[in-house]
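Undergrad: If you read the protein sequences in the order shown, they are chains F and V. Using this note's numbering, the letters of the first sequence map in sequence onto residues 177 to 621. Using this note's numbering, the letters of the second sequence map in sequence onto residues 177 to 621.
Take every hint as true, because none was put in to throw you off.
Since the list gives no way to pick one copy over another, a pair counts as held whenever it fits inside one copy or between any two copies.
In the DSS-like style, the derived pairs of lysine-lysine whose C-alpha atoms are separated by at most 30 Å in a straight line are: (1) 183 / 521; (2) 521 / 561; (3) 560 / 210; (4) 610 / 621; (5) 210 / 329.
If you are wondering where the hints come from, they were derived from the structure by calculation, not from laboratory data.
2 protein chains.
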Amino acid sequence: MPEPLIKPRTLSGFRDFLPAAMIPREQLMETARKVYRSYGFAPIDTPTLEHADILCGKGSDETDRQMYRFEDNGGRDVGMRFDLTVPLARFVAQHASELGMPFKRYHIATVWRGERPQAGRYREFAQCDFDTIGTTSIASDIETGLVVFDLMKAIGFDRFSIRINNRKVLNGLLNKSGLAEHSVAVLRALDKLPKIGREKVHAEMNDVTGASANQIDQILQLAEISGDRDSVLSQLEPICSGSELAQEGLQQLRDISSAADSAGIEDHNLQIDVSIARGLDYYTGTIYETFLDDLPSIGSVCSGGRYDNLAQLYTKQQLPGIGASLGLDRLLAAMQTLEMIPTTKTPADVMVVQFDSTYLNRYISIARSLRTFGLKVEVFPDAKKLNQQFKYADRRGFRAVIIAGADEFESNQVQVKWLNDGSQTSVPIDDDAKELAEMLASGLK
Amino acid sequence: MPEPLIKPRTLSGFRDFLPAAMIPREQLMETARKVYRSYGFAPIDTPTLEHADILCGKGSDETDRQMYRFEDNGGRDVGMRFDLTVPLARFVAQHASELGMPFKRYHIATVWRGERPQAGRYREFAQCDFDTIGTTSIASDIETGLVVFDLMKAIGFDRFSIRINNRKVLNGLLNKSGLAEHSVAVLRALDKLPKIGREKVHAEMNDVTGASANQIDQILQLAEISGDRDSVLSQLEPICSGSELAQEGLQQLRDISSAADSAGIEDHNLQIDVSIARGLDYYTGTIYETFLDDLPSIGSVCSGGRYDNLAQLYTKQQLPGIGASLGLDRLLAAMQTLEMIPTTKTPADVMVVQFDSTYLNRYISIARSLRTFGLKVEVFPDAKKLNQQFKYADRRGFRAVIIAGADEFESNQVQVKWLNDGSQTSVPIDDDAKELAEMLASGLK
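Excised from the complex, chain F in its bound form (with noise of 0.2 Å):
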């Protein structure tokens, strides 16, 4: 009797990624890549399982909630890493003499959080860093924003924002104002501006912080200062007069701003936005985040920030660094949306027919012929009927076919048949196939 089937699922917030989703999720890894080595950041890995204390040292009762940990064969208290920052910290501890500083590296890698599955969000996720280690100054602040914005065209965005803004303005006007104590508060309150509106914002942080009207107003005029760079920086001086801290953040946003003048970036593309307070308790001086112009409501899709001390759990060493995470799912997610991701399941552009298995070592050799130009070309396994070959062709999403058979061959040619029209053109092809190849890489453009 043959043993009960095992029912085929995925657990609960798992995923798997069929073709039509991993060729562009791959795509856009390599892109990542691409642009990250091109300015010098080096891959690493590291393990997706550590010694627990390792991932908890600096985690939060959240973190360690959601974490997966579990005992190994051998005993050890063992965990899934939950992000790529703790084991880049733990990394860098380890490492330090052998990297060397700068030490500039990029980590695309799988993470897992064991949190409650709820629309978009999923217990195993990939992340994609970059950052640089070891140095405070700021060619590499302005270095981060030149990769984000690079990486953003390179996908093929034109329509996007870059936002930037520095932490030590807020603080050091918080310093001035006497309200350092209070900042989680301020910024809590500074938050709900949007919703709630200027009056309330100001009435509960003067319930909260003591703060006088005064103080309130110059905190709630840095949150609505807008405009240009030019402006944004003209219209932070005054404000950040009387704060050394605050001043040396608006010259870390001067240098940018310069800086991105220079390389010709547009207002536009990378704005100086005051109001962003991303990740209050780890970021001390410029933070990151990136928007669609055409889906602003997903959020930002890559963000990140400078930090004074990366590896303070595990070594004396201090390591001041920057850098940024591109949101992978998110941005996928908003490439379907807008429709900038084609539906094929197939790499290959070009499927040569099996029309007669007799001429099958010609099909093989046509097709080995096209790679040698650079074409992925498939040939089809079977000498099935010519239908059920060009139904398999359209489902994947192949562009063009090669047919082919006795007279074709008697003659040196081949078809080309274009499946989005339906055209098919006789093409003539010699020992290697450069005829055909140049038709189809035109064809294909």
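Given the coordinates of chain F, assemble chain V onto it according to the supplied hints.
TA: Structure of chain V alone, referenced to chain F:
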């Protein structure tokens, strides 16, 4: 009082990949992807964690013991995948109608086995598989061999041999001799041929199976066949006569050999080797192993074969297929031994020295211009002493540095210094740095 530091360390059997190791690793994966795609194999991914019953379904006691298995926060019995074949079987069974047949996929992903770590064996490693599901056509057997051939060439090997056999030949022979039920014992004895010699194997086979001297001679004769493809095929002919199954296997070997001839693949690179018997229980037709001429001791670096039914545990649908797997870790170790891997720690070739921070935007601008020509260029983040910057460039493995200060910019020039011989040249730069890009590109060739 500061908290005590957590000692940065990795779990036994797990590895950090520093840039010098990760750069060639990533490159190898990209080469594999490129070759797989050029044949129309599409990428997929499956979850790291699966329901334990899915993974255990076909597992042997050994894989069960090695599997990382635990109860998740929701009380589910889960395991980390220990190969990519079981997830593929589950995946294809689950999505068969959406995928359509034939289905060609590649999957490059990490797997985990809690085995005792030893030299060259890890608890976490990558697999790099490609398979064609849903066809028994010989075209797929041929293609699998061609993919392996193109892959080895694309990685940079010329001196390798893909060894092909067909399980039907030996099975047919055993059937004919009435020894089918002893196939495991026969193969076990055959395996010892190189070590203990013909006579002792003969004696063992007689002991265990009770086969006649004549029957044993035929089997040993099979294992001792060697020569070029045509010669092996001729030698097989008389041995296979009288068994339909063996004849069928022989015909498949002939078809592959003929396709290899037609594709101009030398006898040495693709051999018929009837002594290989990989995957006794699983494979049912063509089988593949791949050895490096210069490092045969490392074993097969790319292996696979044909199977009759991939997903019988999860579906009633019969899904035959064929595939192979590139041994990434083994291949990288071999390439290291054979000195095929550069020791650079950066993916970039060129570093722009930050000679004078006043010109930071100029340095950035030069780097950006060079990137538009496809060059990978890092700008050193700090205006440190020149010798420190040179030392950094040297340690990382940059090939050239660009140096420019007030004098150079005044005369629209930069200095290019090649780090291998210390030679230095002045190169004019205009707005798009085209001349500089061409000069660097030709020097980097």
